[in-house]
Structure formats: structure tokens, C-alpha cells
Amino acid sequence: MSDLRSAPAPGLSDADHLRGDPAWPLVILYADFTCPRCALAHERLRGAPLRVAFRHFAIAAKHPRAVPLACAVEAAGRQGRFWELHDALFADPAHTDDPHLWAHAGALRLDLERFERDRRSQAVAELVREQTRAGMRAGVAVTPTLIAGGTFAPGPPDAELIARLTG
Amino acid sequence: MSVLAPGTPAPQFTLMTQDEQPFTRADLLGHTSVLVFYPYAFTSVCSDQLTLYEEVLPELAQRGATLYAISTDAVHSQAAFRHELGSSIAQLSDFEPKGATCRAFGVLHEHGHPQRALVIVDSGAIVRWSHQAQSTSELPGANLIFDGLDAV
Chain A
0 MSDLRSAPAP
10 GLSDADHLRG
20 DPAWPLVILY
30 ADFTCPRCAL
40 AHERLRGAPL
50 RVAFRHFAIA
60 AKHPRAVPLA
70 CAVEAAGRQG
80 RFWELHDALF
90 ADPAHTDDPH
100 LWAHAGALRL
110 DLERFERDRR
120 SQAVAELVRE
130 QTRAGMRAGV
140 AVTPTLIAGG
150 TFAPGPPDAE
160 LIARLTG
Chain B
0 MSVLAPGTPA
10 PQFTLMTQDE
20 QPFTRADLLG
30 HTSVLVFYPY
40 AFTSVCSDQL
50 TLYEEVLPEL
60 AQRGATLYAI
70 STDAVHSQAA
80 FRHELGSSIA
90 QLSDFEPKGA
100 TCRAFGVLHE
110 HGHPQRALVI
120 VDSGAIVRWS
130 HQAQSTSELP
140 GANLIFDGLD
150 AV
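Protein sequences, first through last, are from chains A and B.
Here the first sequence stands for residues 0 to 166, numbered as in numbering that gives the first Met the number 0.
Here the second sequence stands for residues 0 to 151, numbered as in numbering that gives the first Met the number 0.
There could be a bad hint or two in this list.
Unchecked claim - To give an idea of the chain A side of the interface with chain B (calculated C-beta under 8 Å), a few residues: (1) R4; (2) S5; (3) A60; (4) M135; (5) R136; (6) L160; (7) I161.
Claimed, not checked - Each pair of labels, with its calculated beta carbon distance range: (8) D110(A) - T16(B): 50 to 58 Å; (9) P96(B) - P9(A): 45 to 53 Å; (10) A73(B) - L107(A): 47 to 55 Å.
In case anyone wonders, no lab produced these hints; they're calculated from the structure.
The structure displayed is predicted, hence computed values, not measured ones.
Here a beta-carbon is modelled for each residue, glycine too, at the ideal position from N, C-alpha and C.
Pulled out of the complex, with its shape left as it was, chain B reads as follows:
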């Protein structure tokens, strides 16, 4: 299994927002999305990753991109994690059925959590750039996202 390649249409999927509302492929339409798949809430690398990306949200907005953080943690765990970080990044839960969206994007780790991966999807819900870290302990720099946005 590997992360979806550029040019691939985003699959049909359903994630859950912090308001416990469904978030589907249709919600990707009309704007550029940066999907950040991360392994576990409350772990050190994931915390560092989301705080780093929080710092560059103004620059992402300037590029017309919205960033979403996706894990297989439950909505309530994600909410607590978001609160602890003081993060404004939208969290999307792939808890039930667990990992189904991660599997559809090719980033489900054999241990049931997401790989650490980034996927940039254009306003037509086509994957334009993707990156999977070599290991879950590797934190992809924010520069990679901005390089990837050039493909949109």
C-alpha cells in the first residue's frame, strides 16, 4: 500500500468533524486541501508536526489552501489533542470504520494507524501531490507542503 499518486481522483470517503458531522469527498471541492495524515494524537512528533504547521497557516491561506489533520483517533480524543495544542487546525476522525479513509488514500499502516503522510488535493478533488515519510518518526518539513502546492 502506498499513498495515492498525483493525478489520482480522491476516493469517496467519510470522516467525522469535531462537530460530529460527516466530512466527505464533496467537502474537498472548490478549494485546495492539504490532508495531513498523522499516527496518534498526543504523541511528541505529531504534536511537533501540528504546531509547526499551525505556524504557517497564514501562508497556506495566502496560497488558497486549507489544512486538515486526519488520524484514526476518536473525535473526542482529537478534540482534547487540539485543545491541548491550542491548535486551530481542523481535525477529521477516521475512527469508524477505523482506518477506512486512510486505506482509501493508501496510507493505512499495518498497525492500524495512519502513516505520516501529506496529500494535496485540488479544487476538483484530484490529488496533485503526495508525500509519505519514510518512517512515522520523521516529521515532514513545512517547506515540502509549499513545494507541493506548486503542483496545483
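Next comes chain A alone, as it looks inside the complex:
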């Protein structure tokens, strides 16, 4: 069991998936692949000059596919295709069952056997669980939540927030 008392959001680590120029302002995004508002956040952030660190906030009680999808994207990441599957799931949120994951894996030329093994592994499940619980300890309560410079912004970022974040 985890200690869920308040604690600051962890700093960047090897477990984080980062996208964007290292010179751009950093935002940490806690999100869930079953969350339509997260897909909207993804769309709004993708063209912005921001360095995004994606972290899972996968609540099993919220959606039965929340944790399986988070694990699948982590498994793709173990073959260097984290962001590709991340983008594919947000682009097609109505197709997230296992056969759809296998189709994505094929399109991304993943080693399917390894993908299956990794996405069902204890290590990947633990990583997703730990990121989610670290988010809870930091005060994340909804998805998406952006953290930038210690400031929390729940909900999809609007143009004004993105302009402020990009400075």
C-alpha cells in the first residue's frame, strides 16, 4: 500500500516520457487515455512550443480501460514507440479494445509478443500505479492536470494558458 499524504510532484526521472525542445518551458501533464478532455488537451498542446512530460493518472474506477491503455502505451515505449501509440489512442478514442491495440502494434511494427508480455507485466502495472499515486499525492484530482513551475491547471488548457506557459 502507498503513502498517499501530500507530497510535491516528483521531479523528472528516467520514467518520464518527454516531447519537445529541451529549451522550451516544461509542463508535466497528468492524463488518461480514456478521458476525452485529455484528448482535447493533447490537441491543444501538440502545436505549442512546450516541452511536455506525460505522466499517467489512470483511475480504474473511472473507466475499465484506463489502466490497460496506460500499460499498453508504456509497453510500446519499451520498444521506442511511446508517443506513437499515445497519439494513436488520443486520435481514435472509440477503438481501445485489445484487437485495436494489436492493430496499432502492427501498424507501429512492434514485436507483438513482447508488447503483449510487457503490457501485462507487473513492472509496467507498478509504474502506472506509482505515477498515478504520485499525482494524487501532489494533489492531482482530475484529468487532465498540467503542472508548470509548481502551478496546477486542471482541465484542458485554453489559448490564454498556453500563451502564458510559453511565455
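Dock chain B against the given chain A, drawing on the hints supplied.
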């Protein structure tokens, strides 16, 4: 009106369980209770709140705490809400007389629904920690509950 402060004995109250049985102050005795007052069943923030807290029920159990969700919705509305969420959290109805328990705990909103508030009561039915969100659209993180349990 503001939520009961730490050190205050829980007031006498009667809520209704999903089995349409009374749930009173006496039911708080002997264990730590986390009372989650939420505004309305089936609304988005309340749904997010209860699914978030559902996720941490094992950790709450480990801390010896039982969580109850309280609103002024009718028992049957709460039951349907609970079913839709797939929730295992016990629901308690403050429907008749409407809002009486919320008023006693200092969390009745002027519009007749509960404020979004958390109250932790110890095994002697004494309030040990409480929190009222600044607005009903603000969802208190689960971390706040675990911080609050340190006061028990």
C-alpha cells in the same frame, strides 16, 4: 455556516442507508469515518470525486477508515448513481428532512444541497479534521483525506 471544526463532537443526526435503514451518530462509534458531503448525484465533479476516492479505498482501509458519501439526493437516486459509477462506497441520504444532517455539520449550501466538504470523525464521534472546498466545482484531492487522517 461553516463546516464543523476539529474537536467538535459530531451532532446527533439521522441519515438513510441504501437499505432504507437509519444511520445515526451511534454508527460512527468504534471506527474512523470519512464523511464526504457532495452536492448532487450524477454530476460530473461528484462522479469524478467518488471514482477518485474509490481508487484509494484499500489505502483508507489500511488506515482503519471507512468512507461514506452523503448528499441530499433520495435513496433511490443515490442507488442509481452508485450503480452507474460501479462504486462500492456506502451512500447515505439526507433527503428527509432535507439537508438536516448537512445543516448540523455546517455544510448545507444556501441552495439546499451540501457544500463539497470532507469531515473525518474518530472512533469516539469527535470531528478530528474537516475541509470545505472553496466552491462546489473544486474537487478535493485524495491526498487531503490522508493528511487529515494524521489528526486522528
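Which numbered hints does this structure break? Per hint list: 6 and 7 violated.
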